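We have chain A; now place chain B onto it with these hints.
Chains as they are written, first to last, in my numbering: chain A, 405 to 517; chain B, 1436 to 1547.
If you're looking for bench data, these hints aren't it; they were derived computationally from the structure.
Predicted model only: the values in this text are computed from it and were never measured.
All C-beta atoms, glycine included, are put in the ideal place defined by N, C-alpha and C.
Keep in mind that the hints are not guaranteed to be accurate.
Claimed, not checked - Below 20 angstroms or equal to it, Euclidean Cα-Cα: the simulated SDA-like pairs (lysine to any residue) are: (1) B:K1534 with A:S469; (2) B:K1493 with A:R503; (3) B:K1534 with A:Q477; (4) B:K1534 with A:Q449; (5) B:K1484 with A:V499; (6) B:K1534 with A:I457; (7) B:K1534 with A:E505.
Stated by the list, open to error - Here are the simulated distance ranges between beta carbons: (8) B:G1457 with A:V464: 18 to 28 angstroms; (9) B:K1493 with A:R446: 24 to 34 angstroms; (10) B:Q1517 with A:K483: 40 to 50 angstroms.
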Amino acid sequence: SQTIHQWPATLVQPVGSPLSLECTVEGTSNPNLYWYRQAAGRGLQLLFYSVGIGQISSEVPQNLSASRPQDRQFILSSKKLLLSDSGFYLCAWSVLRDRGEAFFGQGTRLTVV
Amino acid sequence: AQSVSQHNHHVILSEAASLELGCNYSYGGTVNLFWYVQYPGQHLQLLLKYFSGDPLVKGIKGFEAEFIKSKFSFNLRKPSVQWSDTAEYFCAVNARGNKLVFGAGTILRVKS
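So here's chain B without its partners, still in its complex pose:
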């Protein structure tokens, strides 16, 4: 069965610090990978996605993620965070195009 692990539940950073949020999944076949973000009081929205091709994908607001197949990982990165990046971030995996499974989420707080 698919599962997704996010390593940190709470992360606190100062503005301009670099961010890396870990995500590992368990599924041996072809997967589609996603990062979603939920800003305070708002709906979930897609940050970026990986289907195939270049394992380094770029999303909105300067975020990027790298798919490393050998490590079953899809870590999210941003070189310099802003106060407005304060949100909860969710990694998700879809295998065979049917079932989308989410990790437990990481709450990021950026101090101004």
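Okay, chain A solo, but in the shape it has when bound:
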């Protein structure tokens, strides 16, 4: 069966420090991968999605970037965190045969101090 791993679950980072959040999927190949940020009252904001290795679409201009170095690995990064980057980040995957139904990781609560 397919599983998704996202880590860490919580992270406290100082302003100006770098960020790397990792997400891996098991049990499927060539998934679509997504990074979302969930904020109260704003739902799930799509940040990045990827349909294949090295293919990244950015939805919202911001201080973050994403990379997909392997088929089932999706990384969210920042060179210098801002206070406004604090939030709850979710990784998700889907496959075309499921017509876009997404499956979510446990999420990462990021606090920038």
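Coordinates of chain B only, in the frame set by chain A:
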């Protein structure tokens, strides 16, 4: 570009009341439609989905949703809510099978 609008951000109901949560999307082509639910302290989980066929779809826990193509709507309904339905509900749209876009969510509180 795809977008999803959920009409109510907070809904408060008494147990046994009927529920309808509105969802409208903007995309002119073929879409796949979803409702997700997030119970307090839990992960997002799929409530129901529409791909094609009968526009009235039934999901888990007595929920159903109706796709009305002419209105670009996919409203969620339940005839009689329970206290355990207290959660946040998200409508989502996927066009062309690649990008899944969510609405802002509706927080439902059911009073016992």
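Now the hints, each set against the structure:
As the CA atoms of B:K1534 and A:S469 are separated by approximately 17 angstroms, the hinted pair is consistent with the 20 angstroms bound. With a C-alpha separation of about 18 angstroms, the suggested pair B:K1493 and A:R503 falls inside the 20 angstroms cut-off, and the hint holds. Distance hint between B:K1534 and A:Q477 is fulfilled; the C-alpha atoms sit about 18 angstroms from each other, no more than 20 angstroms. Proposed proximity of B:K1534 and A:Q449 is supported: the alpha carbons are some 12 angstroms apart, at most 20 angstroms.
The straight-line distance between the Cα atoms of B:K1484 and A:V499 is roughly 15 angstroms, inside the 20 angstroms bound, and the hint therefore holds. Among the hinted pairs, B:K1534 with A:I457 is consistent with the structure: their alpha-carbon atoms are about 16 angstroms apart, no more than 20 angstroms. Between B:K1534 and A:E505, the direct Cα distance comes to roughly 10 angstroms. Compliance with the 20 angstroms bound is thereby established for this hinted pair. For the pair B:G1457 and A:V464, the beta carbons lie near 25 angstroms from each other, so the given range of 18 to 28 angstroms is met.
The beta-carbon spacing between B:K1493 and A:R446, approximately 29 angstroms, falls within the hinted interval of 24 to 34 angstroms. In this structure the supplied range 40 to 50 angstroms holds for B:Q1517 paired with A:K483, their Cβ-Cβ distance being about 48 angstroms.
Consistency with the previously given hints is maintained throughout, with no hint failing.
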